[in-house]
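Chemist: Throw the hints in and build the complete structure from the sequences for me.
Residue numbers (our numbering), protein chains in the order written: chain A, 1 to 408; chain B, 409 to 552; chain C, 553 to 690.
These are calculated hints, taken from the structure and not from any lab test.
For glycine and all other residues, C-beta sits at the position ideal for the given N, C-alpha and C.
Certain hints may be false.
[As the list claims (entries may be wrong)] Pair by pair, the computed Cβ-Cβ distance ranges are:
1) A:D378 <-> B:H532: 48 to 56 Å
2) C:E600 <-> A:T103: 47 to 55 Å
3) C:G581 <-> B:E431: 24 to 32 Å
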Amino acid sequence: MIKIAQLSCGTEYSGVQYEIEKASRSVGAKMVHPDVETSEIDRCIREFGFKPVSAQLKLMIARAVHLAEGRYDADAVFIASCFRCAEGALVRNELRRYIQEHTDLPVVTYSFTERMKANQLLTRMEALVTIVSRKELLARERQIGITAGIDSGSTTTKSLVMADNKIVGMSWTPSGEVLESAESTLNDALEQAGLKMSDLEAIGTTGYGRYTVGKKMDAKLVQEELTTNSKGAVWLAGRQQGEATILDIGGMDNKAITVRDGIPDNFTMGGICAGASGRFLEIVSRRLKVEVTELGALADDGDWRAINMNSYCSVFGIQDLVTSLAEGHTRADVAAAACHSVAEQIYEQQLQEIDVRDPVIQVGGTSLISGMVTAVGDILGKEPIVPPRSQYIGSVGGALLSSGFLEG
Amino acid sequence: MKIFIDPPNSLILFDLVERFGHEPLSVMATIQERVDNLEIDMPPMNVTLDDVKKGLDYAGIEVPSGIRGRLAVWGPLIDNAEAAIIMEDAPYSFGCVGCHRTNLLVEFLVRKRGIPTLEINYPHEEGEARNMVIKVKEFLEGLQ
Amino acid sequence: MKRETRLIVISPLSEITPDQITRAVYAMGHEVTVKETCYGALLEGPPETVKEVMDDLKKMDPLGIYSKIRGFPLGDPNRCRAQHGSRPGFSQLQREWQDLALVEKGLQCALRGEEAEEDDDRAPMPVKELQRICEEVE
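Modeler: In structure tokens, the structure reads:
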């Protein structure tokens, strides 16, 4: 049984403790509260150096120090505090850093409201358990042999073949029937590589259709996209060591993942608002009568400041853009404003819940739209890295990680 | 009389209030009722989403959920209290009373009610303890 | 049936032991459950009976035995230390248990009818005074 140490404030009175325990049970883990002697708390606070006023936060710190000193045994750490609590957020983030600096334990953090999204919590717990139980596999930085990764996403399906740590073939298609899309893209990728299905030594699947595709293709690895995409992104960007933030803005949803040595330790997921996804850009493209692939270049020539947008919404925001066109603004300005709007909405919805660590690696379908990358850079005040083939992160991660099964 | 104690889970205040013949309104008793309510299955506290919404009676939506959830449980105790004892600077406020912001709001709500309220400091040595206990005794004996 | 669960805590100054408490409760013959703990005992039963037992127990050492209600029933897995490790309330109880020694001394004075002393409301040092000291230290 994997023991997850819970360092938290407010979970019991927010009605979310039950959900936390349910999620941990469902992935074969158990929440535990490190024992701390009351007389030890003050010493631990001095040791840590941050003196919160709230006693529960002091206890969180004392528990973390006990974990760091090896006085309590756990396999992973879950740090959570109430959303909108400044004191809690400061302690949560500093404890996360402290645990990472002083232990090898995987850690995820979470700021919750009473409307905690059960699936997001479950993904976090699943990722924690994966990191504990597949530590050696996730530490893999080089692909070996001949392997394939299939990312069966909700909008597109991507397959990619790797040989001796190099990409030798890749292909994508809009997701239709799950198996058919996977098979056709994999065949294309194999053809490019001059290989046959029987040459593949291992397959890794990820994305929404990972179970269906994984079963049919007898995949060695069937893995949620959080860990798989992170590994793929840092491999593609050549940033396997150290910290990074991965910003994955897809056609339908988006993720912001913070990683340390390629292994995720915190993330947020969107999916509530189309204004924070590639969908918004698709709608704008249609209005501007350009292909979405050309929107980025158009935006690069425009100035988002010229347009007055009062809403991020894909109904009201688009209305503002249409009005601007009618008022005589250029299509380039409108395209730039659309990119800026999506970037700003992602910043407000997603990035504020995690601590952005340098470098920012921008991936996912929208990273191919240059205007989006410029807009994200403007808002963050730092230029994101867009690795080559940034839409293939899931498949690269699948190919890389599945090759880990080829050794012993 | 019904006496609200703050910290609302204090062993020391609970015992002193009972010892001097009054009924302490404590968070433990409320939790006891919740835990025994078989119709709710949200262990450990049986604080539900609806409770956190009820907390809006005491604090706005921009206030963190942990504060609103606590207020949903303790707020009615303050509403029903006939008198109160507030012990400031309790060094042990862990767990239920671990959120300092909640504690500030609770003290404010008690003062706002305008009921007889004794405000004392947590004692650090015998002289202070002597003063604290004598004041609590006098306050409780003086309540009609 | 309504239950009441009580934490019984023995002051560090008292010579009563948790074992004596549990034996005394058994000897009373009431329909309650009692469990020895490191700081005293846990008592559970119908509220009226629990009150009766508490009143009798306190007679063993009126200033040495303290109690409060506990929200969770005996052996509740949500609060059991063996299941998840200690809960936050335990740190609080540990601290309050230590300070019962102070409360016990305070109670002795209060019951003797002593009066409270004026609070020592110290105002901050006037700035001029602090300046003088700073200059002296220099």
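Chemist: Hints first: check each against the structure and report whether it holds.
Modeler: Hint by hint, here is what the structure shows:
1. Restraint check, D378 of chain A to H532 of chain B: a C-beta distance of roughly 55 Å satisfies the suggested window 48 to 56 Å.
2. In this structure, E600 of chain C and T103 of chain A meet the distance hint of 47 to 55 Å, their C-beta atoms being roughly 51 Å apart.
3. The given range of 24 to 32 Å is respected by G581 of chain C and E431 of chain B, whose C-beta atoms sit roughly 28 Å from each other.
The structure shown violates none of the earlier numbered hints.
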